[in-house]
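Novice: Okay, here's what each chain looks like letter by letter:
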Amino acid sequence: MSEPLLVLDDVHVHYGVIEAVRGIDLTVGRGEIVTLIGGNGAGKTTTLRAISRIHGPSAGSIRFEGSELTRLRSDQVVDLGIIQVPEGRHIFPSMTVAENLEMGAFSRRRVARRRLAEDLEEVYGLFPVLAERRKQLGGTLSGGEQQMLAMGRALMAKPRLLMLDEPSMGLAPQIVQRVFEVITRINQAGTPILLIEQNAQMALNAAHRGYVIESGAIVLEDEARALLDDDQVRKAYLGEE
Amino acid sequence: MHCNAALIAPTFVTGLILGFIYALIALGYTMVYGVLKLINFAHDAVFATGGILVFYAFGQWFGIVQPLSGVSLVVLMAASLVIGALASAGSAFLLERVAYRPLRRRQGARLSYLITAIGASFFADYLYQQNFLLGPGKREFPNYFNVSKAFTVFGSVVQNVDVLIVVLAIACLIALDQFITRTRSGRAIRALSEDQVAAQLMGINNDRVITTTFVVGGLFAGIAGVLYAIKFGFVVWNMGFVPGIKAFTAAVLGGIGNIRGALLGGILLGLIENMSAVCVGAEWKDTVAFSVLVLVLILRPTGILGEGIKG
Ligand SMILES: Nc1ncnc2c1ncn2[C@@H]1O[C@H](COP(=O)(O)OP(=O)(O)OP(=O)(O)O)[C@@H](O)[C@H]1O
Ligand SMILES: [Mg+2]
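Protein sequence lines, in the order shown, are assigned to chains L and C.
The opening residue of the first sequence carries number 213 in my numbering; numbering runs sequentially from there.
The opening residue of the second sequence carries number 127 in my numbering; numbering runs sequentially from there.
Calculated from the structure, these hints are not laboratory results.
Among the clues, some could well be false.
Among the chain C residues that face chain L by a calculated CB cut under 10 Å, a handful are [what the hints assert, rightly or not]: (1) 325; (2) 326; (3) 331; (4) 336; (5) 337.
Every residue gets a Cβ at the ideal spot worked out from N, C-alpha and C, and that includes glycine.
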């Protein structure tokens, strides 16, 4: 039996002396949407930043198809196809929509311009609003448009694992709906996804499996459906009494 | 305040030429600020290194004492510019490796960068001042380029070296513009200056981009250093200090981090300080230049064109 695509094995992350992530085990299999849900400050973003090697980890192992990520730099992690859409989107504000999307393809070194143009059209097909605004500066887009741009930019990298950090944050309900439709479509086209959310309802509906993180530790893990029915989850994350 | 009418045109030309030199140096300040949000106060030493190394190469080691002409002049000029550019770029590379990178690794505080920069600048200056190097006085630059009058415009003399300065500065700015917009490294510099985390998540190797930025800024500073030494005919251990701080002022004036701002700020500062010399008095020149810096910082801290590396 081969190992899952992404394996986190007893991962710890520190900020100075504070331990924000305390020994997490988590896997993402090929073709899966896996969600990591939890409240403010639980350690979700910290976990993603460790996988992308932006910060940490201080201990433990993170493997992706047999490569030990903890030995790599952030740009080498991207080269493996692990692409993150960060919390807060991080659009390049003074670049146009089109330039932002082209930056997304930075890690694909010797790709023909024609291929790039085709991929660009594909992203515009998925997010028609980006096509309308291709000349507009990233910094002037609305929150929803920025989220779509951030996702489109990630797709331009041809991810082999897509990681999304709270894509629904601060968005109107219809936009959230649209974002989750696209997440499902991307996954159906074959891309495994690690999805971080506070919107547990939406996330568990879209995902195959889920993990619940509290104070830097995984407290629950199960099939997404089972978590939706779990009393603890319903009370803590789905706003039910 | 009464300006000496006869001096206005010549001063305008002088100011413009100096402005282009400031602009070339200012590119280094502005690009490094763009990617690191750091004022590299050691950039003045990077500028000086280019002129000083060419002084050694052709003045000391090859001992060229005659003005040259024709092919040999062109070859020597080209060699000077290349050597100066590479020497400054090399010193910028070294500076980044030895002084700044270790600080980044330890996540040093803002103030540590500033103090390190100033320390590195002093180190280079006083190293050049040692007797086994330049010593304390001015040293005559080899005069293979015979600085002389090229033509007259509005009654003011334009020297051949001035023409060279303007042409090369414009060529450098165009080259940089193309580099930023068309090349992979250039786009990476722009991305890093806009959002460090996003740049990392695009797969950009931040350390490599920072090195490139120092080197590119160093190349331009080196060209400026050689032209400066040719125009004024000497090198001296602290030759970077005044042009460096003026170029820094120019970068802030145009909008620190902004490449076009470096050109605009350089020319404006060159004109303002030299016109003030005619209209207020030569002894006021530097006072006026630095008053401009203070005023910009108070009234419009992002400069005329605002921040951000743009193509
Ligand atoms: N740069 C930092 N320096 C120090 N502590 C940090 C830093 N970033 C996060 N933390 C701390 O680490 C813990 C986990 O933060 P993290 O951002 O991972 O939470 P999160 O689950 O993503 O929360 P949210 O849903 O609010 O985004 C928090 O207690 C936070 O205060
Ligand atoms: Mg978070």
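Novice: Against chain L, is residue 336/C within 10 Å by beta-carbon distance?
Specialist: 13 Å, violated
Novice: Let me know if the C-beta of residue 337/C comes in closer than 10 Å to any C-beta of chain L, holds or violated.
Specialist: It is violated, given that the least Cβ distance between residue 337/C and chain L is near 14 Å, above 10 Å.
Novice: Against chain L, with CB atoms and a cut of 10 Å, does the hint on residue 326/C hold up?
Specialist: Where the cut-off is 10 Å and the nearest Cβ of chain L is about 5 Å from residue 326/C, the hint holds.
Novice: Closer than 10 Å between Cβ atoms is the bar; does residue 331/C clear it against chain L? Give me holds or violated.
Specialist: Residue 331/C check passes; min Cβ-Cβ to chain L is 4 Å, inside 10 Å.
Novice: A closest beta-carbon separation below 10 Å is what the hint needs, so does residue 325/C meet it against chain L?
Specialist: At about 8 Å, which falls below the 10 Å cut-off, the nearest Cβ of chain L leaves the hint on residue 325/C intact, so it holds.
Comparing the model with each numbered hint stated earlier shows that hints 4 and 5 do not hold.
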